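Chemist: Sequence:
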Amino acid sequence: MKNFWFYFSALVFYSLFQLGCGSVKHTEMMMLTEMQDQAMIIDSLPVLTIRTDDILSINVASRNPETVIAFYNRTESTAAAGERALGTQEGYRVDEEGNIYLPFLGAVKAEGKTILQLRQNLTDSLVQFIPDASIQVRFMNFRVTLLGEINRPNTYIIPNERLTILEAIGMAGDFTPYARRNAVLVIREREGERAFNRINTQDATIFESPCFYLSPNDIVYVEPLRAKQYATQGDFLQRYSGVLIPLVSLITFVLGTSLAN
Numbered sequence: 000m001k002n003f004w005f006y007f008s009a010l011v012f013y014s015l016f017q018l019g020c021g022s023v024k025h026t027e028m029m030m031l032t033e034m035q036d037q038a039m040i041i042d043s044l045p046v047l048t049i050r051t052d053d054i055l056s057i058n059v060a061s062r063n064p065e066t067v068i069a070f071y072n073r074t075e076s077t078a079a080a081g082e083r084a085l086g087t088q089e090g091y092r093v094d095e096e097g098n099i100y101l102p103f104l105g106a107v108k109a110e111g112k113t114i115l116q117l118r119q120n121l122t123d124s125l126v127q128f129i130p131d132a133s134i135q136v137r138f139m140n141f142r143v144t145l146l147g148e149i150n151r152p153n154t155y156i157i158p159n160e161r162l163t164i165l166e167a168i169g170m171a172g173d174f175t176p177y178a179r180r181n182a183v184l185v186i187r188e189r190e191g192e193r194a195f196n197r198i199n200t201q202d203a204t205i206f207e208s209p210c211f212y213l214s215p216n217d218i219v220y221v222e223p224l225r226a227k228q229y230a231t232q233g234d235f236l237q238r239y240s241g242v243l244i245p246l247v248s249l250i251t252f253v254l255g256t257s258l259a260n
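In numbering that gives the first Met the number 0, the protein residues as written are 0 to 260.
You may find that some hints are simply not true.
Distance windows between CB atoms, simulated [claimed, not checked]:
| id | residue 1 | residue 2 | range |
| --- | --- | --- | --- |
| 1 | Asp173 | Ala69 | 16 to 24 Å |
| 2 | Glu160 | Pro102 | 19 to 27 Å |
| 3 | Val46 | Gly169 | 21 to 29 Å |
| 4 | Asn153 | Phe211 | 29 to 37 Å |
| 5 | Glu96 | Asp123 | 17 to 25 Å |
| 6 | Asn196 | Asn153 | 16 to 24 Å |
| 7 | Ile68 | Thr122 | 13 to 21 Å |
Derived by calculation from the structure, the hints in this document are not laboratory data. All values derive from a computational prediction rather than experimental measurement. Where a beta carbon is used, it is the ideal one built from N, C-alpha and C, also for glycine.
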């Protein structure tokens with residue numbers, strides 16, 4: 000009987016030790032070994048069109064600064080130190096009718112056009128007022144939000160017009176060890192509808208997904224693995240193992256002594 004309680008105590012001690020020191024293993028982000036030394040043809044890149052509530056930066060330059068002074072101080076954005084997004088934006092907002100309002104021109108239809116199309120239209124329309132106008136147009140509200148098992152979850156403003164989901168994840172510090180990488184959720188709003196799409200970042204089909212290239216205001220949510228719950232339990236046991244192990248040992252010793260007598 001004494002030997003039984005000795006081995007029982009040793010087994011309990013060993014089990015607690017293993018739970019307290021356990022770790023969670025995870026797979027690599029990309030499992031594309033079958034695609035080594037291969038090339039993929041990109042059929043077409045997504046073309047973003049201007050929508051209502053978009054905010055556009057329109058910069059008009061000329062050799063005569065006085066002719067473009069009306070366009071000054073409308074394209075600057077400021078953000079507090081440490082912020083990655085949601086700065087004060089002073090560009091040109093596309094209203095509910097799809098128009099922006101510019102000096103000299105008044106209402107200009109922008110909705111449904113690409114950035115290049117709008118720039119060409121503005122160049123043609125402003126030539127009678129500013130013959131040597133040089134115009135630059137870009138989105139100011141191309142932002143994406145990354146949440147969940149990401150090392151730096153936040154809302155990020157994108158300086159260009161093209162961003163892949165892999166670039167966004169890298170920009171946010173990559174996945175945490177507990178990220179569910181094979182079912183990343185992309186939430187996208189278009190024309191009054193909200194779509195929910197899943198992407199497997201561990202499979203080559205990611206490049207064929209309509210959400211591989213992100214759109215303005217997309218939300219990327221990375222769910223946690225079930226292993227995170229077990230890891231949390233392991234952290235609890237590891238934290239309190241200094242109390243639990245002596246307590247269990249004392250209980251088994253008392254029970255063993257009582258039964259032996």
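Chemist: Against this structure, judge whether each hint is valid.
Modeler: These are the hints, each one checked on the structure:
1. Asp173 x Ala69: 16 to 24 Å: Cβ of aspartate 173 to Cβ of alanine 69: about 45 Å, so the range 16 to 24 Å is violated.
2. Glu160 x Pro102: 19 to 27 Å: With a Cβ separation near 25 Å, glutamate 160 and proline 102 satisfy 19 to 27 Å, so the hint holds.
3. Val46 x Gly169: 21 to 29 Å: At 24 Å between Cβs, range holds.
4. Asn153 x Phe211: 29 to 37 Å: 21 Å, violated
5. Glu96 x Asp123: 17 to 25 Å: 21 Å, holds
6. Asn196 x Asn153: 16 to 24 Å: 21 Å, holds
7. Ile68 x Thr122: 13 to 21 Å: 19 Å, holds
When held up to the earlier numbered hints, the structure conflicts with 1, 4 and fits the remainder.
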